[in-house]
Amino acid sequence: MSARNNILQRLRERLDGPLSAPESDFAVVTNRGWGPEERLARFERLIGSVHGEVVHASRESWTTALAEVLADKGVRRLALGKEHPVAAEARRALADAEVELVDVDREIETWQQEQFETVDAGLTSTLGAIAETGSLWLWPTPDEPRLISLVPSLHIAVLDAETLEDTFFDVVEKHGWAKGMPTNALLISGPSKTADIEQTLAYGVHGPRELVVLVRHAGTTQESPDA
Amino acid sequence: MTPVKCYPPKPEKVYFFGTCLIDLFYPEAGMDAIRLLEREGVEVLFPEDQTCCGQPAYTSGYHDEARAVAAAQLGLFPEPWPIVVPSGSCGGMMRKHYPQLFAGTDLEAQANDVAGRIHELTEFLVHVCHLQLEDRGEPEKVAMHTSCSARREMGLAETGPALLGQLGGVELVEQERAAECCGFGGTFSVRHPEISGAMVDDKAKAIEAAGAARFVTSDCGCMMNIGGRFEQQKKAVKGEHIASYLWRRTS
Amino acid sequence: MSVQTFTPREFHRQAHDALGNPQIRANFRKAMDGLMTKRRDVFSDWDLETLRELGANIRLRALAKLPDLLEQLEANCEANGIRVHWAEDGDEACRIIRGICDSHGARSVIKGKSMVSEEMHLNAHLEEAGIEALESDLGEYLVQLNEQTPSHIIMPAIHLNTDEISEILHDKTGTERSRDVDYMTAAARAQLRERFMAADVGVSGVNFAVAETGTLCLVENEGNGRMTTTVPPVHIAVTGIEKVVEHLRDVPPLYALLTRSATGQHVTTYFNMISSPRKEGEHDGPKEVHLVLVDSGRSRIYQDDELLDTLRCIRCGACMNHCPVYTRVGGHTYGTTYPGPIGSILSPHLMGLEETKDLPTASSLCGACGEVCPVKIPIPDLLVRLRRESVGEGRGNVAGAGVKRTRKEAAAWKGFEWMATHPGVWRSGTALAGKLQALMPAKLAPWTDYRTAPKPARASLHALVKQHRRRQQTDGSEGENRS
Numbered sequence: 004m005s006a007r008n009n010i011l012q013r014l015r016e017r018l019d020g021p022l023s024a025p026e027s028d029f030a031v032v033t034n035r036g037w038g039p040e041e042r043l044a045r046f047e048r049l050i051g052s053v054h055g056e057v058v059h060a061s062r063e064s065w066t067t068a069l070a071e072v073l074a075d076k077g078v079r080r081l082a083l084g085k086e087h088p089v090a091a092e093a094r095r096a097l098a099d100a101e102v103e104l105v106d107v108d109r110e111i112e113t114w115q116q117e118q119f120e121t122v123d124a125g126l127t128s129t130l131g132a133i134a135e136t137g138s139l140w141l142w143p144t145p146d147e148p149r150l151i152s153l154v155p156s157l158h159i160a161v162l163d164a165e166t167l168e169d170t171f172f173d174v175v176e177k178h179g180w181a182k183g184m185p186t187n188a189l190l191i192s193g194p195s196k197t198a199d200i201e202q203t204l205a206y207g208v209h210g211p212r213e214l215v216v217l218v219r220h221a222g223t224t225q226e227s228p229d230a
Numbered sequence: 295m296t297p298v299k300c301y302p303p304k305p306e307k308v309y310f311f312g313t314c315l316i317d318l319f320y321p322e323a324g325m326d327a328i329r330l331l332e333r334e335g336v337e338v339l340f341p342e343d344q345t346c347c348g349q350p351a352y353t354s355g356y357h358d359e360a361r362a363v364a365a366a367q368l369g370l371f372p373e374p375w376p377i378v379v380p381s382g383s384c385g386g387m388m389r390k391h392y393p394q395l396f397a398g399t400d401l402e403a404q405a406n407d408v409a410g411r412i413h414e415l416t417e418f419l420v421h422v423c424h425l426q427l428e429d430r431g432e433p434e435k436v437a438m439h440t441s442c443s444a445r446r447e448m449g450l451a452e453t454g455p456a457l458l459g460q461l462g463g464v465e466l467v468e469q470e471r472a473a474e475c476c477g478f479g480g481t482f483s484v485r486h487p488e489i490s491g492a493m494v495d496d497k498a499k500a501i502e503a504a505g506a507a508r509f510v511t512s513d514c515g516c517m518m519n520i521g522g523r524f525e526q527q528k529k530a531v532k533g534e535h536i537a538s539y540l541w542r543r544t545s
Numbered sequence: 125m126s127v128q129t130f131t132p133r134e135f136h137r138q139a140h141d142a143l144g145n146p147q148i149r150a151n152f153r154k155a156m157d158g159l160m161t162k163r164r165d166v167f168s169d170w171d172l173e174t175l176r177e178l179g180a181n182i183r184l185r186a187l188a189k190l191p192d193l194l195e196q197l198e199a200n201c202e203a204n205g206i207r208v209h210w211a212e213d214g215d216e217a218c219r220i221i222r223g224i225c226d227s228h229g230a231r232s233v234i235k236g237k238s239m240v241s242e243e244m245h246l247n248a249h250l251e252e253a254g255i256e257a258l259e260s261d262l263g264e265y266l267v268q269l270n271e272q273t274p275s276h277i278i279m280p281a282i283h284l285n286t287d288e289i290s291e292i293l294h295d296k297t298g299t300e301r302s303r304d305v306d307y308m309t310a311a312a313r314a315q316l317r318e319r320f321m322a323a324d325v326g327v328s329g330v331n332f333a334v335a336e337t338g339t340l341c342l343v344e345n346e347g348n349g350r351m352t353t354t355v356p357p358v359h360i361a362v363t364g365i366e367k368v369v370e371h372l373r374d375v376p377p378l379y380a381l382l383t384r385s386a387t388g389q390h391v392t393t394y395f396n397m398i399s400s401p402r403k404e405g406e407h408d409g410p411k412e413v414h415l416v417l418v419d420s421g422r423s424r425i426y427q428d429d430e431l432l433d434t435l436r437c438i439r440c441g442a443c444m445n446h447c448p449v450y451t452r453v454g455g456h457t458y459g460t461t462y463p464g465p466i467g468s469i470l471s472p473h474l475m476g477l478e479e480t481k482d483l484p485t486a487s488s489l490c491g492a493c494g495e496v497c498p499v500k501i502p503i504p505d506l507l508v509r510l511r512r513e514s515v516g517e518g519r520g521n522v523a524g525a526g527v528k529r530t531r532k533e534a535a536a537w538k539g540f541e542w543m544a545t546h547p548g549v550w551r552s553g554t555a556l557a558g559k560l561q562a563l564m565p566a567k568l569a570p571w572t573d574y575r576t577a578p579k580p581a582r583a584s585l586h587a588l589v590k591q592h593r594r595r596q597q598t599d600g601s602e603g604e605n606r607s
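Chains as they are written, first to last, in the numbering used here: chain A, 4 to 230; chain B, 295 to 545; chain C, 125 to 607.
Everything labelled a hint here was simulated from the structure, so no lab data went into it.
Hints should not be assumed to be uniformly reliable.
Said to hold, decoys possible - Below, computed lysine-lysine pairings styled on DSS-like, alpha-carbon distance capped at 27 angstroms:
#1 B:K304 - C:K590
#2 B:K499 - C:K532
#3 C:K532 - B:K529
#4 C:K189 - B:K532
#5 C:K567 - B:K390
#6 C:K559 - B:K499
#7 C:K567 - B:K529
#8 B:K532 - C:K532
#9 A:K85 - C:K411
#10 B:K307 - C:K590
#11 A:K182 - C:K189
#12 C:K567 - C:K532
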């Protein structure tokens with residue numbers, strides 16, 4: 004404990020005396036004033052610019068779009084939760100599909116090798132997203148653990164269009180993050196990437212090679228903007 | 295970055311601080327600056343006891359010496375006239391660093407007063423004199439090298455090019471990496487000669503590659519550095535202080 | 125490629141070698157040009173000055189409350205189940221980390237990018253204890269394979285080009301020689317995935333530690349940081365004590381500044397916020413999370429109002445990307461963990477001025493670093509401050525103060541002072557220099573190794589102004605023409 008006390012004491016008995024703390028004005032990171040359409044367009048443009056694929060679907064028929072993505076990408080084993088409505092609906096819709104559904108409500112120690120080597124894709128819900136940066140907001144849960152969005156080569160994230168916020172600051176403030184943080188909170192903006200070899204972009208260096216965002220639109224009239 | 299400055303109306307008189315490099319190596323640049331100001335109807339006061347702003351000692355860490363030299367300049371500008379300096383580097387020293395150097399000393403108020411009146415030459419010509427130029431020179435391709443002190447310490451990236459832009463016969467060519475340092479840096483060029491040499495080599499090549507017959511600068515340190523490089527390499531590109539260039543083409 | 129070691133004591137020799145190495149020159153120039161362009165483009169639609177002001181302000185507020193925030197961070201982390209350790213210096217931090225490893229019988233450590241772990245030579249320390257420490261960030265991995273140290277704080281392998289990297293991977297891991305970046309990346313992915321699964325402990329750095337919630341924030345693109353902090357059963361995060369911020373809402377502006385300043389990205393792929401170890405009922409993540417807070421000279425920097433600004437740094441690397449000196453000599457030349465301008469104002473505090481005496485002078489004070497710094501650290505002023513300390517005219521509170529003071533140089537500056545404070549002597553001197561112009565040596569090395577020597581004018585400005593006034597009086601005209 005002596006290091007702790009020594010350090011704190013040195014900081015408290017500062018040679019040049021106590022410092023005064025300035026107030027902060029956060030206006031520059033909030034109040035974007037974007038409407039829902041602009042928000043969505045920005046989100047799509049930004050996440051697209053970092054290799055994220057966006058697929059639009061209605062709230063009713065999104066699992067059809069999911070099945071198409073899975074077929075498109077040649078997914079044979081899909082890891083997903085059970086309880087979250089996204090996982091539950093997907094399970095119902097895919098019950099008769101060729102895709103094998105992999106349970107994730109298991110201690111990782113019992114299936115780590117399996118997860119790393121035999122799972123083609125992970126499906127997760129999201130709590131929202133950020134238009135300004137094209138970022139998904141995930142708080143992993145026992146139902147949808149942390150590694151599902153990281154280990155498989157394909158991450159499919161389901162996002163409800165109306166949960167988009169303008170900025171990261173808006174997400175933190177409006178959703179009261181400071182009141183209680185989960186074990187792990189994540190922003191995800193595209194698939195894993197690196198530019199460590201002569202600034203040449205390469206995807207999938209450690210995590211997913213591909214990220215597909217399935218954007219669900221409420222109401223039946225909402226057709227996919229670019230379908 | 296210097297905060298936005300409110301410029302005074304054109305005064306009857308100004309003080310002129312010539313800088314030691316101009317005094318010793320490029321006095322004609324100083325004279326041409328004085329001529330430009332006088333042509334605008336401004337009386338130029340040249341305090342005879344001026345020597346050096348103290349910057350060489352300051353940037354070398356010898357602040358006691360720098361303070362003594364600076365203190366010897368502070369008393370040379372007793373009337374409230376603006377002080378015009380034909381160098382971003384010395385101007386930056388006097389405007390930005392004099393207040394730091396004299397903070398907490400008896401001369402603090404005087405240093406702040408002097409600092410508040412410092413104008414770099416091109417800044418003064420553009421923002422205070424609203425100088426209008428009529429070009430009488432031959433057509434020519436010219437590159438502008440704005441010194442790092444003028445650009446960053448004094449926030450004057452635009453004033454030099456704005457003046458050259460008024461010269462009808464001058465084509466201002468854009469060099470690659472125009473904002474990059476030429477490698478002078480005062481004692482840096484002596485303490486780290488190889489790095490400084492690599493920097494000035496790149497700068498000279500960029501100016502030449504832009505197709506300029508001449509480069510114009512508002513700082514004699516950069517001119518001595520880049521011009522000396524061209525001369526050593528036996529290149530035809532010539533350097534000139536902006537005051538001389540403006541005077542020569544418009545008189 | 126031969127293994128080279130670099131030390132700040134040999135800055136001049138190392139700079140000479142780098143300047144003579146066309147590969148190094150080309151690799152850095154290309155990389156820095158690209159990074160500068162990307163940064164400029166990504167900030168083009170922002171009110172950058174207001175954002176930088178906010179960034180500076182958040183960091184200043186955190187520093188103003190530093191001891192309280194560290195205690196709050198500790199309390200909240202502990203309440204969340206994260207164990208907090210304090211280390212006076214790098215050695216103590218290494219011992220703490222080794223102790224945690226030993227308590228788990230760990231033989232294999234996988235590392236996410238952490239500059240503070242480089243600073244304290246953690247890998248060497250662990251290896252001495254028989255614990256293998258493997259870097260997992262691709263750039264760090266390549267540099268480690270090549271038995272080098274990072275040459276940039278964000279892009280560790282920036283000194284290497286594709287061919288060199290292909291050769292390293294071929295030599296050390298047996299991959300095919302290839303210029304295909306996707307192939308090389310996939311090979312490294314496969315190699316490192318095995319190691320993630322096998323690792324006993326993951327060690328990471330921290331970008332921001334949030335006092336309010338006891339949250340550790342990690343910024344990355346690759347996913348190796350998430351792997352490091354999620355796959356092994358134990359996660360040890362190590363950070364300098366200055367990385368704490370007060371509130372969670374302080375994080376978004378700093379993150380926005382960090383990614384844009386560092387690599388010109390709107391955002392990184394991952395922003396990973398860790399607030400606790402695996403909880404009851406959760407299925408993955410480490411069962412133990414430790415936070416090691418390292419002082420290592422930082423509390424000493426903290427004492428001084430001017431030097432304090434050094435601690436605002438959020439380690440984006442923009443200062444080196446924009447530094448004309450760094451661009452030419454590369455990162456290794458500095459011989460320090462942190463190269464470039466931030467390194468030149470930080471390393472003297474970590475290593476003392478005896479070791480680092482050439483770093484504060486290795487700048488033309490062009491100001492590019494200060495101009496781009498996202499938290500507005502006045503880097504040029506701090507370089508000048510350290511020059512003062514080096515020559516013994518500062519406050520004497522930096523280790524090794526006065527090391528550069530020589531009687532000869534001090535006398536020369538005293539001589540300058542005397543001349544410049546005696547205007548009559550000055551005027552005679554400049555006049556004399558003009559008269560003796562012909563006697564000026566044509567060679568004044570090292571200046572004339574690269575340029576011709578300037579010649580004192582025949583008449584000084586003082587003399588010309590006098591003539592000018594006399595002529596004005598006799599003509600009574602003001603607008604006289606020289607020609």
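The hints, checked one at a time:
1. B:K304 - C:K590: 25 angstroms, holds
2. B:K499 - C:K532: 37 angstroms, violated
3. C:K532 - B:K529: 37 angstroms, violated
4. C:K189 - B:K532: 56 angstroms, violated
5. C:K567 - B:K390: Given that 27 angstroms is the threshold and the Cα spacing comes to 35 angstroms, the pair is violated.
6. C:K559 - B:K499: 34 angstroms, violated
7. C:K567 - B:K529: 19 angstroms, holds
8. B:K532 - C:K532: Distance of about 37 angstroms is beyond 27 angstroms: violated.
9. A:K85 - C:K411: 23 angstroms, holds
10. B:K307 - C:K590: 18 angstroms, holds
11. A:K182 - C:K189: 21 angstroms, holds
12. C:K567 - C:K532: 22 angstroms, holds
Of the numbered hints stated above, those contradicted by the structure are hints 2, 3, 4, 5, 6 and 8, listed in ascending order.
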